[in-house]
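The listed protein sequences derive, respectively, from chains A and B.
Numbered per this note's numbering, the first sequence spans residues 68 to 397.
Numbered per this note's numbering, the second sequence spans residues 1433 to 1697.
None of these hints come from the bench; they were simulated from the model.
For every residue, glycine included, the Cβ atom is placed at its ideal position computed from N, Cα and C.
Do not rely on the hints blindly, as some may be mistaken.
Looking from chain A toward chain B, a few residues come up when the C-beta cut is under 10 Å (computed) [what the hints assert, rightly or not]:
no.: 1; residue: T188
no.: 2; residue: M234
no.: 3; residue: A364
Computed list of lysine-lysine pairs in DSS-like fashion (alpha-carbon distance at most 30 Å, straight line) [as the list claims (entries may be wrong)]:
no.: 4; chain 1: A; residue 1: K99; chain 2: B; residue 2: K1592
no.: 5; chain 1: A; residue 1: K390; chain 2: B; residue 2: K1690
no.: 6; chain 1: B; residue 1: K1690; chain 2: A; residue 2: K392
no.: 7; chain 1: B; residue 1: K1663; chain 2: A; residue 2: K220
no.: 8; chain 1: A; residue 1: K365; chain 2: A; residue 2: K220
no.: 9; chain 1: A; residue 1: K229; chain 2: B; residue 2: K1663
no.: 10; chain 1: B; residue 1: K1543; chain 2: A; residue 2: K220
no.: 11; chain 1: A; residue 1: K220; chain 2: B; residue 2: K1655
no.: 12; chain 1: B; residue 1: K1663; chain 2: A; residue 2: K365
no.: 13; chain 1: A; residue 1: K355; chain 2: B; residue 2: K1670
no.: 14; chain 1: A; residue 1: K355; chain 2: B; residue 2: K1690
no.: 15; chain 1: B; residue 1: K1670; chain 2: A; residue 2: K365
no.: 16; chain 1: B; residue 1: K1592; chain 2: A; residue 2: K82
no.: 17; chain 1: A; residue 1: K99; chain 2: B; residue 2: K1663
no.: 18; chain 1: B; residue 1: K1485; chain 2: B; residue 2: K1634
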Amino acid sequence: MKDGYGPVWVIAEQKDCRIRTVSLQLTGQAQKLAAGLNTTAEVVLFGNLMEHHVRPLFAAGADRVFLGSNPQLAFYEPEIYVQAMVRLAQEHEPEIILIGSTTMGRELAPLVAARLQTGLTAHCIDLVLDENNILEQRIPAYGGLLSIICPQKRPQMATIAKGVFAMPDPNPDRSGEIIPVSVPENVSPRLQTLEVVHQIPDEIPLESAAIVVAGGVGAGDPDGWRQIADLADALNAALGCTRPVVDEGWAPLESMIGQSGRMVSPELYIGVGLSGEQQHMVGITGAKVMVAINNDAKSPVFDQVDYGVVDDCREFVPVLIEKIKAYQNG
Amino acid sequence: MMNIVVCVKAVPDPQQACNIKIDPVTKTLMRCEVPLVLNPLDKNAMEAALELKEQFDAYITALSMGPPDAEAIVRECLALGADQGILLSHRAFAGADAYATAYTLATAITKIGPVDVVFCGMASSDGSTEWVGPEIATFLDLPVVTMVEEIVECQGPQWKVKASLAHGYRLMQVQLPAVFTVTRELNTPRALVFSGIIKARKKSIVRWGIDDLGVTSDAVGLKGSPTIVSKLSTTESKRAVEILTGTREEKAAQLLQKLVDSGVV
Ligand SMILES: Cc1cc2nc3c(=O)[nH]c(=O)nc-3n(C[C@H](O)[C@H](O)[C@H](O)COP(=O)(O)OP(=O)(O)OC[C@H]3O[C@@H](n4cnc5c(N)ncnc54)[C@H](O)[C@@H]3O)c2cc1C
Ligand SMILES: Nc1ncnc2c1ncn2[C@@H]1O[C@H](COP(=O)(O)O)[C@@H](O)[C@H]1O
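Generate the whole structure from the sequences, applying the supplied hints.
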């Protein structure tokens, strides 16, 4: 048995040389876990010409940054990224690896974990060390909170969405070591990225919205859904949804709020026709005022909000929209 | 001939999922009252395979690991047009996390023989890790593309597919054999037809247990799972609700007033 714990790692992500918010949030959390284990917080970052862009990671709590930098790494290239990260992890034996639940992270995490023959917990909403210094990876489930652990295998790996952990207060005086990592430039013959296309969304982004209206499957049908969208419009709010709404095809996956979707922290949250299932509700943090509209007075959603309206949303929402419009027009 | 494996999971009917509770003692899910159905996204995975079979000479295997009642969803896949159904069912397989699930499925795929394409759903509605597809790919040492929303080019062994990004897409070129996890944007799953159901009655479902796969019992199921559930805690609400009363008009007016008074509108 080796003495002491291996480092706590974050696999960070950048876009156009800017470190993603979730990576900085995880770095802050990694520093806390590292302090608990009396070890270091370290970040693995791949990109191109990143040398002058790693400071925010140190300010967020990184002690060391493993930096892979070459033109081929500008975008996530699965096969090279995985191969290099696995090799690095085998060499440095981290105790823990945290990865953001981004599109890249959700694909990369299982590829790295399976190759390291270790466990991986999806979409955690909290991470704490238990009495044996094992990482408790908490996920909401069926009305409670489950703690998942990976008792034997190392590293212990988890993915976490943006917004689960707050942005650490940046400490500009902190500095750390950059360790260059050589990553092969040749692309895999069996898989390569030909093009990455980013579209500019025309909706109000959920994460930064002051008001969020979220609809559930209680909307009933596309018409009922459109009313909820109209309510969001009237309030100049971002429109979010629950998972069954995505399954019904009324709204895109990008607008799903919750454990495996987006985290929001608006001033005002209005949940319409949804049951207040934990997997959804954990996605709303620090809202000042919360409202639920549901036709079932016994719905668990009413235990989790400040104001409740027991009514058929298909009847109530149009009336509410009228009132809002009248108010706005003075 | 193109050999396609579709991994399909039996999940508690998502429409009734709120009836699933955790057994406070064993910390396992009590899902007995909720009927099992084909995982929604696995219908898209099946559809992807069926559309290829319409274009090419293809043989489709629907593969599932689950309890004996999962046989119904394998039969549903046969009725949709799969050529063969395989159910991995054995006590030792129970309690598997994503890693052990992927290992068991990958071992079965190896036994099925050389495959060209493995389709999975992007996520299951109950586990919802999204890990099983990529981990199967790792065990089989195959390339994987997750969240496929369009198959752009599939003539020959070099495919081009679009994988969805939060806003946008990645265009990927991949050499078969390969694993793909699919989104609901990929296609519209076909409905079951009566003639398919009749035909499926004649097809047999192969059942493989632990001996058929030649794996040891500590590599599968709960024992083969790196992760376990350690604790179950309950969450408490931090808010005291005020239920608004009166007519619909009154409730709407009151609600608006409350929001204006709190300064959020
Ligand atoms: C691992 C995992 C991860 C998950 N991640 C997420 C996630 O990130 N986000 C997410 O949202 N879900 C997630 N889910 C799904 C989640 O568990 C719930 O199934 C989902 O949130 C429920 O959505 P809902 O409230 O719209 O539907 P239901 O639970 O079916 O509730 C519908 C509600 O609408 C009400 N209603 C019906 N008709 C009307 C009407 N006419 N007027 C008013 N009210 C009406 C009903 O009373 C009911 O309360 C996840 C599940 C798993 C297993
Ligand atoms: N027990 C299983 N049997 C067959 N396929 C499975 C099983 N579990 C997961 N899968 C496949 O993996 C996909 C993703 O599941 P998950 O990783 O649980 O989100 C599913 O859509 C299925 O295609």
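Tested hints:
A least Cβ separation of about 6 Å between A:T188 and chain B falls short of the 10 Å threshold, and the interface hint therefore holds. Taking 10 Å as the C-beta cut-off, the interface hint given for A:M234 is violated, the closest approach to chain B being about 20 Å. The interface hint given for A:A364 is met, as the beta carbon of that residue sits about 8 Å from the closest beta carbon of chain B, less than 10 Å. Of the supplied pair hints, the one linking A:K99 and B:K1592 is violated, its CA atoms being roughly 43 Å apart against a limit of 30 Å.
A hinted pair counts as satisfied when its Cα atoms are at most 30 Å apart, and A:K390 with B:K1690 qualifies at roughly 13 Å. A C-alpha spacing of about 16 Å is found between B:K1690 and A:K392, which places the hinted pair at or below 30 Å, so the restraint holds. Note on B:K1663 and A:K220: the hinted pairing holds, with a Cα-Cα distance of about 18 Å set against a maximum of 30 Å. For the proposed pair A:K365 and A:K220, the alpha carbon gap of about 43 Å is over 30 Å, so the pair is violated.
Our distance criterion of 30 Å between C-alpha atoms is met by A:K229 and B:K1663, whose separation comes to about 25 Å. Using a Cα cut-off of 30 Å, the hinted pair B:K1543 and A:K220 holds, with the two alpha carbons roughly 27 Å apart. A C-alpha spacing of about 13 Å is found between A:K220 and B:K1655, which places the hinted pair at or below 30 Å, so the restraint holds. Proximity of B:K1663 to A:K365 is assessed by CA-CA distance (about 28 Å); at most 30 Å being required, the pair is judged to hold.
For the hint linking A:K355 to B:K1670, the alpha-carbon distance of about 12 Å falls within 30 Å, and the restraint holds. Distance hint between A:K355 and B:K1690 is fulfilled; the C-alpha atoms sit about 12 Å from each other, no more than 30 Å. Only pairs whose Cα atoms come within 30 Å are accepted, and B:K1670 paired with A:K365 is accepted, the gap being roughly 18 Å. With a C-alpha separation of about 24 Å, the suggested pair B:K1592 and A:K82 falls inside the 30 Å cut-off, and the hint holds.
A C-alpha spacing of about 22 Å is found between A:K99 and B:K1663, which places the hinted pair at or below 30 Å, so the restraint holds. Restraint check for B:K1485 and B:K1634: the C-alpha separation of about 20 Å stays at or below 30 Å, so the hint holds.
The structure does not agree with the numbered hints 2, 4 and 8 stated previously, though it agrees with the rest.
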